[in-house]
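Novice: Turn these sequences into a full structure, and let the hints steer you where they fit.
As a plain string of letters, each chain reads:
6 protein chains.
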Amino acid sequence: MFYYDNKLQYQVRVDTPDPRFARLLQQAIGGVEGEMRVCLQYLFQAFGARGPAKYRNMLMSTGTEEIGHIEMLATAVALNLEGSSSRVKDEFAANNPVVEALMGGMDPRQYLSAGMAALASDANGVPFNGSHVYASGNLAADMYANVTAEATGRALACRLFEATDDPGMKDMLRFLIARDTMHQQQWLAVIEELGGHKGTLPIPNSFPVEEELRDVSYDYFFTGVEGVEVPSGRWTQGQSLDGMGEFRLNAVKPMGQEPKLAPPMPQAYAEKQQMEGTSGDD
Amino acid sequence: MFYYDNKLQYQVRVDTPDPRFARLLQQAIGGVEGEMRVCLQYLFQAFGARGPAKYRNMLMSTGTEEIGHIEMLATAVALNLEGSSSRVKDEFAANNPVVEALMGGMDPRQYLSAGMAALASDANGVPFNGSHVYASGNLAADMYANVTAEATGRALACRLFEATDDPGMKDMLRFLIARDTMHQQQWLAVIEELGGHKGTLPIPNSFPVEEELRDVSYDYFFTGVEGVEVPSGRWTQGQSLDGMGEFRLNAVKPMGQEPKLAPPMPQAYAEKQQMEGTSGDD
Amino acid sequence: MFYYDNKLQYQVRVDTPDPRFARLLQQAIGGVEGEMRVCLQYLFQAFGARGPAKYRNMLMSTGTEEIGHIEMLATAVALNLEGSSSRVKDEFAANNPVVEALMGGMDPRQYLSAGMAALASDANGVPFNGSHVYASGNLAADMYANVTAEATGRALACRLFEATDDPGMKDMLRFLIARDTMHQQQWLAVIEELGGHKGTLPIPNSFPVEEELRDVSYDYFFTGVEGVEVPSGRWTQGQSLDGMGEFRLNAVKPMGQEPKLAPPMPQAYAEKQQMEGTSGDD
Amino acid sequence: MFYYDNKLQYQVRVDTPDPRFARLLQQAIGGVEGEMRVCLQYLFQAFGARGPAKYRNMLMSTGTEEIGHIEMLATAVALNLEGSSSRVKDEFAANNPVVEALMGGMDPRQYLSAGMAALASDANGVPFNGSHVYASGNLAADMYANVTAEATGRALACRLFEATDDPGMKDMLRFLIARDTMHQQQWLAVIEELGGHKGTLPIPNSFPVEEELRDVSYDYFFTGVEGVEVPSGRWTQGQSLDGMGEFRLNAVKPMGQEPKLAPPMPQAYAEKQQMEGTSGDD
Amino acid sequence: MFYYDNKLQYQVRVDTPDPRFARLLQQAIGGVEGEMRVCLQYLFQAFGARGPAKYRNMLMSTGTEEIGHIEMLATAVALNLEGSSSRVKDEFAANNPVVEALMGGMDPRQYLSAGMAALASDANGVPFNGSHVYASGNLAADMYANVTAEATGRALACRLFEATDDPGMKDMLRFLIARDTMHQQQWLAVIEELGGHKGTLPIPNSFPVEEELRDVSYDYFFTGVEGVEVPSGRWTQGQSLDGMGEFRLNAVKPMGQEPKLAPPMPQAYAEKQQMEGTSGDD
Amino acid sequence: MFYYDNKLQYQVRVDTPDPRFARLLQQAIGGVEGEMRVCLQYLFQAFGARGPAKYRNMLMSTGTEEIGHIEMLATAVALNLEGSSSRVKDEFAANNPVVEALMGGMDPRQYLSAGMAALASDANGVPFNGSHVYASGNLAADMYANVTAEATGRALACRLFEATDDPGMKDMLRFLIARDTMHQQQWLAVIEELGGHKGTLPIPNSFPVEEELRDVSYDYFFTGVEGVEVPSGRWTQGQSLDGMGEFRLNAVKPMGQEPKLAPPMPQAYAEKQQMEGTSGDD
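Going down the list, the protein sequences come from chains A, B, C, D, E and F.
If you're matching positions, the first sequence starts at 0 in numbering that gives the first Met the number 0 and goes up one per residue.
If you're matching positions, the second sequence starts at 0 in numbering that gives the first Met the number 0 and goes up one per residue.
If you're matching positions, the third sequence starts at 0 in numbering that gives the first Met the number 0 and goes up one per residue.
If you're matching positions, the fourth sequence starts at 0 in numbering that gives the first Met the number 0 and goes up one per residue.
If you're matching positions, the fifth sequence starts at 0 in numbering that gives the first Met the number 0 and goes up one per residue.
If you're matching positions, the sixth sequence starts at 0 in numbering that gives the first Met the number 0 and goes up one per residue.
Some hints here could point you the wrong way.
[Unchecked claim] Over 10 Å on every C-beta distance to chain C, these chain B residues come out as not near it, computed from the model:
id, residue
1, 81
2, 173
3, 196
4, 209
5, 245
6, 274
[Said to hold, decoys possible] Keeping only pairs whose Cα atoms sit at most 25 Å apart, straight-line, the calculated SDA-like set for lysine to any residue is:
id, chain 1, residue 1, chain 2, residue 2
7, B, 252, B, 274
8, B, 197, C, 277
9, E, 6, D, 228
10, F, 53, C, 226
11, A, 6, E, 248
12, B, 259, B, 274
13, D, 252, E, 167
14, B, 271, D, 52
15, D, 252, D, 231
16, B, 6, A, 276
17, A, 53, E, 261
18, A, 252, A, 212
19, B, 53, A, 231
20, D, 252, F, 257
[Unchecked claim] Covered by chain D, according to a simulated footprint, are these stretches of chain C (three or more residues, beta-carbon under 8 Å):
id, region
21, 111-124
22, 133-143
23, 204-218
24, 258-269
Since the hints were made in silico from the structure, they are not lab data.
All residues carry an ideal CB built from backbone N, CA and C; glycine is no exception.
Specialist: The following block contains the structure:
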């Protein structure tokens with residue numbers, strides 16, 4: 000179960016409120032690279048963890064940390080929407096001030112739906128979607144999902160860092176960027192602990208590889224037509240990363256048949272012509 | 000631009016049609032681990048590729064291969080829904096055969112909406128959602144997103160392999176599982192080519208690390224209350240994977256303040272009591 | 000504005016309640032081919048209608064009729080979920096009756112969320128999505144959208160007709176199928192009234208055709224590789240349907256350049272290697 | 000910020016695992032009446048709370064409790080999917096055991112996507128959607144949103160109670176139902192503390208009522224056609240609940256005009272006929 | 000069934016068209032607080048109503064009224080998008096006028112997709128989502144859902160009132176705000192008619208309370224760590240609102256066990272290390 | 000299977016990059032009228048095609064062409080976001096340039112999530128949704144779905160043409176508009192080949208018309224109340240388009256009963272008052 004503290008994990012300060020930056024911050028709350036996603040992803044991975052108990056525990060700890068990041072960002076949104084600063088005051092002193100602020104780039108729903116607070120949505124107002132909570136039951140797959148989340152998350156935080164001049168906001172982002180640095184490493188450290196590429200690949204490593212069609216397991220299939228240069232690299236030559244094969248280049252051709260489906264069954268109510276196999280020019 | 004062949008990349012054969020398996024196959028078409036996602040993900044990464052041209056080319060080639068995987072799976076769905084096999088014939092010979100088939104575990108929309116064919120949806124009928132198309136503009140982040148897609152995709156294909164006895168379907172899955180093996184390696188090979196952990200971490204590696212709060216960049220924050228065992232591992236000790244720091248354990252406490260928001264602004268129409276800072280027991 | 004009657008537009012009778020059929024009926028309520036969609040589509044087209052007033056009026060009338068179809072189908076769902084029939088009684092007499100019924104193919108949310116009534120969702124429980132409400136502002140485009148809705152809607156109703164033996168349900172569907180027949184004609188009658196193909200094509204017909212690249216306005220582009228048979232038909236020869244050109248076959252080749260994007264801008268935080276244009280094998 | 004404990008808030012025990020019940024439990028995790036929603040709703044209301052600080056604090060406390068309810072339910076799902084019980088063992092001993100289990104009513108994605116664990120989705124596999132996180136910035140509106148969530152949530156838990164015979168699951172549900180009882184009261188207690196109907200209505204009570212069209216503020220508008228009985232009740236007579244008016248019955252007629260929109264502007268590319276105001280029969 | 004009138008329920012007049020306000024109005028059409036939601040919610044509650052017939056009738060009447068509110072708002076959107084006013088004319092007289100208008104804060108899809116008319120979406124262009132149509136089958140739960148919809152709806156209308164200077168728009172909003180006042184009261188009047196808190200709580204009141212864990216039915220669980228002040232209020236003391244208990248404060252501790260899941264079953268294809276219970280540091 | 004070329008189907012040139020136009024172009028990529036939809040729609044129709052093989056082939060060819068249109072538009076987005084032009088340079092030379100560009104009308108996620116590239120979303124950032132991929136199994140219904148897609152798609156392209164002054168962008172749109180012209184004709188040519196209205200109506204034409212309630216198959220139901228003018232036209236008189244009936248006007252009245260549902264079943268946990276059929280005023 001869970002407990003809370005009445006303080007933030009790290010200080011959140013806004014020197015010059017900017018309703019437009021409040022919109023951008025939504026991406027870090029409810030976006031696919033955001034904190035709701037990592038929080039729920041780590042917690043669901045923990046809740047369903049099977050195997051060595053310490054990974055459940057590790058995931059719980061970091062998932063719990065991330066709830067606090069949502070709190071920090073939601074606080075930052077609310078502070079950026081406050082009318083106390085001179086900049087916003089000026090906007091609100093104009094002829095019809097609310098609509099000016101609304102139309103100057105803020106998320107209208109932060110006002111219309113939330114009365115000047117954060118939403119569970121991204122920077123375009125698209126609601127958080129639970130399908131991004133990856134918890135596959137396979138530890139290595141989940142670790143890569145987590146690295147992805149933290150890599151795109153850190154890219155997002157760096158871009159937000161670029162999009163503000165506010166010292167308070169930059170300070171908060173310095174903290175969040177550093178945490179993303181750690182979390183990228185943390186999930187990759189699990190991969191290392193599991194034996195690296197040779198210990199984990201192919202994922203899932205519990206499926207017997209002899210069951211797969213080994214003829215094509217290390218072939219780079221090239222689908223370019225004549226005239227397109229082959230993109231060669233580490234993936235077209237040398238030992239495979241799992242140590243079990245050699246990369247090869249293969250200009251791929253169909254290995255399969257021309258697909259032929261049965262005529263429509265009567266209950267599916269295609270057009271008669273489909274069922275009779277006729278068409279206008281026959 | 001693109002071209003097509005009238006043959007499948009690999010043979011698709013269904014010995015004993017099973018409308019229930021046709022439902023499960025939908026996960027590999029329109030699910031978050033499925034082929035629509037990887038196809039569009041690689042193509043969008045290619046379309047937006049900036050930097051060395053060969054990565055665009057490599058992504059185009061594999062993205063194009065994946066269109067053919069959607070085709071294979073959609074063909075497999077259609078064949079599993081056909082009434083030609085004795086098993087399905089029996090089901091359709093019952094009193095009210097369509098409803099029996101529908102209710103025996105198939106996706107009702109494969110009949111109701113598609114007249115016995117595949118949908119752009121997952122195994123629960125949830126439509127494919129474009130937010131899963133990750134193309135971050137950062138090559139390393141994208142490679143980890145691709146590894147994740149292929150790792151969860153291979154886990155899915157292995158589970159589907161387990162869920163059918165049909166020799167034709169098992170044969171098709173052997174091929175797809177092998178391709179997932181290759182594709183996991185392919186994206187990790189790019190990471191290796193870029194210099195591995197030291198060449199890529201922290202992602203994005205173009206953000207100056209001195210801008211982040213280095214004090215907490217390698218700290219494992221432990222949020223468990225007293226009595227919870229600390230989950231130690233590679234992530235709590237030793238050199239960080241980027242070679243720039245040392246992992247540390249940190250039983251975290253709030254570094255921030257108690258958040259205080261301004262009273263509601265009048266135009267936000269909170270309750271009067273909120274604006275006056277009073278409550279019933281004051 | 001709108002008014003209601005306390006009677007149904009057409010009789011809804013269920014002789015033998017079947018919770019499984021109640022699930023299938025959801026597709027006709029909240030599915031993409033369903034009545035919520037056509038109802039809202041016609042009403043939104045009416046609400047935004049510009050041009051001859053009679054089309055607004057005609058759309059209002061049919062949109063209003065469709066609200067009553069939602070009512071009929073929701074009533075049919077509720078009646079199919081009732082415990083009064085012997086069939087359902089038997090199911091509920093089993094050991095743990097609710098779970099048996101739930102697991103025998105009904106939509107669990109009709110019980111869990113609605114207490115045995117209809118939902119605003121499709122047959123897989125996916126909620127109705129307003130993006131299917133097409134109202135383009137172009138009358139001809141909207142008429143084709145409406146024909147599509149009624150064509151897929153009638154196919155759905157015919158398939159539902161096949162999926163039940165209940166005389167009451169079949170009677171209700173006979174009515175709905177007939178209405179779909181009429182509505183297909185109604186929207187095509189508008190096209191005819193507007194002058195048919197020559198009066199409406201290309202849609203929108205108010206864009207000056209000389210502004211488009213007329214060289215390719217009647218070419219069937221064939222993208223098959225060598226060995227794929229050309230699919231010839233009405234679309235590869237003869238006068239175009241708008242009477243302004245001749246159909247032609249064109250085995251298409253790229254008319255454009257190889258796309259070259261600028262290097263990543265620094266603020267986008269790509270990997271350094273992308274920005275420097277280097278990769279591991281250089 | 001937040002902390003966790005390695006124990007559950009209340010004991011979760013499954014005596015006889017049932018993969019079908021694991022599907023139903025999903026509604027209480029990711030459904031609109033579920034724990035993800037209440038958890039996030041209370042936390043977002045807390046994060047954006049303006050006005051008396053104690054309400055923020057109260058919301059934090061209960062929002063934090065709800066994270067633990069997600070944990071309990073996700074644990075219950077995982078336990079219901081375990082192969083250790085004889086019942087499930089038998090299912091898995093059949094010819095093709097996985098597909099039998101999958102097709103016997105479980106959520107296929109609990110296996111295919113999660114490897115036998117909970118998802119962030121509802122009982123139909125529809126992902127949790129953040130638009131259900133209501134945090135309006137108005138305390139009274141939020142309290143009613145919370146009562147709604149707990150009322151539908153308790154109805155759901157009662158229905159789940161009915162849908163299982165498992166003593167462990169019934170025990171867990173007894174706890175969750177009791178908590179829903181408390182939480183309904185808790186939010187209504189805030190309304191009482193704010194002065195009940197007279198202290199809170201109309202919500203928001205900070206909008207000057209004289210600005211609204213008081214002529215229709217207490218009228219029950221009856222839209223039935225002739226022959227429909229008027230539904231009279233507390234809402235058609237007596238003092239209004241805010242004490243500021245009298246309920247009245249009003250058989251409503253249009254007070255507005257026939258809407259007339261301007262012709263389409265040229266850049267909107269309607270059909271020419273719309274722009275010219277002509278139609279085929281003119 | 001339903002009928003329509005060619006007049007609006009209340010006059011809709013736009014003195015100075017403002018495409019930006021047309022975007023904000025979308026929230027009142029397709030947003031979670033909007034008219035599509037209340038319209039469909041009341042109608043679905045009516046369609047599935049079981050118990051005293053007058054509630055079905057009352058819901059039908061108000062649901063039907065709400066269709067007319069969608070019509071009013073959609074008309075208001077269309078009028079705000081019209082080029083007839085001097086203000087918009089000026090914008091359209093600029094160099095590239097359409098893009099200026101588009102970029103000045105309007106919803107681009109009102110032009111691109113609808114040709115200057117309303118969409119079935121919210122102020123951020125997110126399509127209406129049917130999962131917000133609450134019809135739980137429990138009358139009291141539904142009444143609170145309806146109060147919530149009207150409370151957030153009235154807050155939204157008040158905020159829109161603040162966001163426009165247009166006399167016509169303000170006049171229309173005065174009407175809609177007044178109707179929301181009435182509708183809040185109407186649903187609460189049903190609660191009063193049912194006996195108020197004692198007659199309805201806990202919802203559902205048909206579940207035998209002795210089946211729930213009465214020990215925790217009136218406890219406010221406090222989850223704050225040491226140092227966090229307890230938020231006391233009406234919910235921590237005094238008689239419970241249902242008259243059946245006493246509120247208590249309870250600084251909650253885990254009552255449950257540490258969750259232990261079985262190892263992964265082989266068919267779920269976890270990593271080998273999970274199945275063997277080993278990790279790199281063992 | 001599929002192949003690619005390293006050149007674009009048609010030249011994509013941007014003379015003056017405009018990040019705001021990059022947002023509008025998203026509608027043509029991931030919007031309901033966009034290229035992802037037509038591409039996937041034609042391919043899924045092909046993959047599931049039953050009946051004359053040439054239609055599968057024709058659909059494959061055009062579906063494959065459309066992948067190249069996504070590529071063109073994604074390239075156009077990326078070029079519009081580039082900092083190389085003087086116009087964008089100026090914006091980026093301002094005080095805090097990124098936020099200015101972001102707030103000047105561009106899609107913030109093109110920067111935050113994609114690092115200056117296209118997304119699989121529409122002009123409001125709403126992700127592409129697979130439910131728009133219509134493939135009904137009925138050839139005529141699908142052809143009308145395709146005409147709709149190309150009619151709304153061409154209207155969109157014309158509106159985009161209006162929204163830019165850039166010669167390169169206008170040139171690209173001239174090509175795409177011309178292709179939409181052809182594709183509208185192509186799908187209507189199939190209808191003609193199938194025998195036009197008489198050969199295809201009512202869709203599906205394989206359902207025996209005598210099974211439908213022929214009494215109402217050609218009746219225009221008028222639902223306006225007294226005082227509303229009847230909208231007469233081609234649909235109220237003359238021979239029906241399928242040649243099998245006569246259009247008629249019918250001022251519709253209820254043909255059905257007043258719906259009466261059974262009382263709630265106990266396990267559905269309605270309020271007691273519903274189950275007892277009582278209410279407060281009885």
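Novice: Is it correct that the beta-carbon of residue 209 (chain B) has no partner in chain C closer than or equal to 10 Å?
Specialist: Answer for residue 209 (chain B): holds, closest chain C Cβ roughly 15 Å.
Novice: Hint check: residue 6 (chain A) vs residue 248 (chain E), CA-CA at most 25 Å. Holds or violated?
Specialist: holds (22 Å)
Novice: Mind verifying the non-interface call on residue 81 (chain B)? Its CB should be farther than 10 Å from each CB in chain C.
Specialist: holds (16 Å)
Novice: Given the proposed pairing of residue 252 (chain D) with residue 167 (chain E), does the C-alpha separation stay at or below 25 Å?
Specialist: Holds. Residue 252 (chain D) to residue 167 (chain E) sits at ~20 Å (cutoff 25 Å).
Novice: Could you grab the alpha-carbon distance between residue 53 (chain A) and residue 261 (chain E) and see if it respects the 25 Å cut-off?
Specialist: holds (15 Å)
Novice: Is the Cα-Cα distance between residue 53 (chain F) and residue 226 (chain C) 25 Å or less?
Specialist: The given pair, whose Cα atoms are some 15 Å apart, holds under the 25 Å limit.
Novice: Report holds or violated for chain D covering the region 204-218 of chain C, Cβ cut-off 8 Å, minimum 3 residues.
Specialist: holds (count 3)
Novice: Hinted pair, alpha-carbon criterion (25 Å max): residue 6 (chain E), residue 228 (chain D). Please report holds or violated.
Specialist: holds (24 Å)
Novice: Residue 252 (chain A) and residue 212 (chain A): Cα distance at most 25 Å?
Specialist: Roughly 16 Å between the alpha carbons, so the hint for residue 252 (chain A) and residue 212 (chain A) holds.
Novice: Please work out if residue 197 (chain B) and residue 277 (chain C) have their alpha carbons no farther apart than 25 Å.
Specialist: holds (16 Å)
Novice: Has the region 133-143 of chain C got at least three residues whose CB is nearer than 8 Å to a CB belonging to chain D?
Specialist: holds (count 4)
Novice: Determine whether the non-interface label on residue 173 (chain B) survives the test: each CB of chain C must be over 10 Å from its CB.
Specialist: The claim stands: residue 173 (chain B) keeps its Cβ more than 10 Å from every Cβ of chain C (closest is about 26 Å).
Hint compliance for this structure: hints 7, 24 are not met, and every other hint is.
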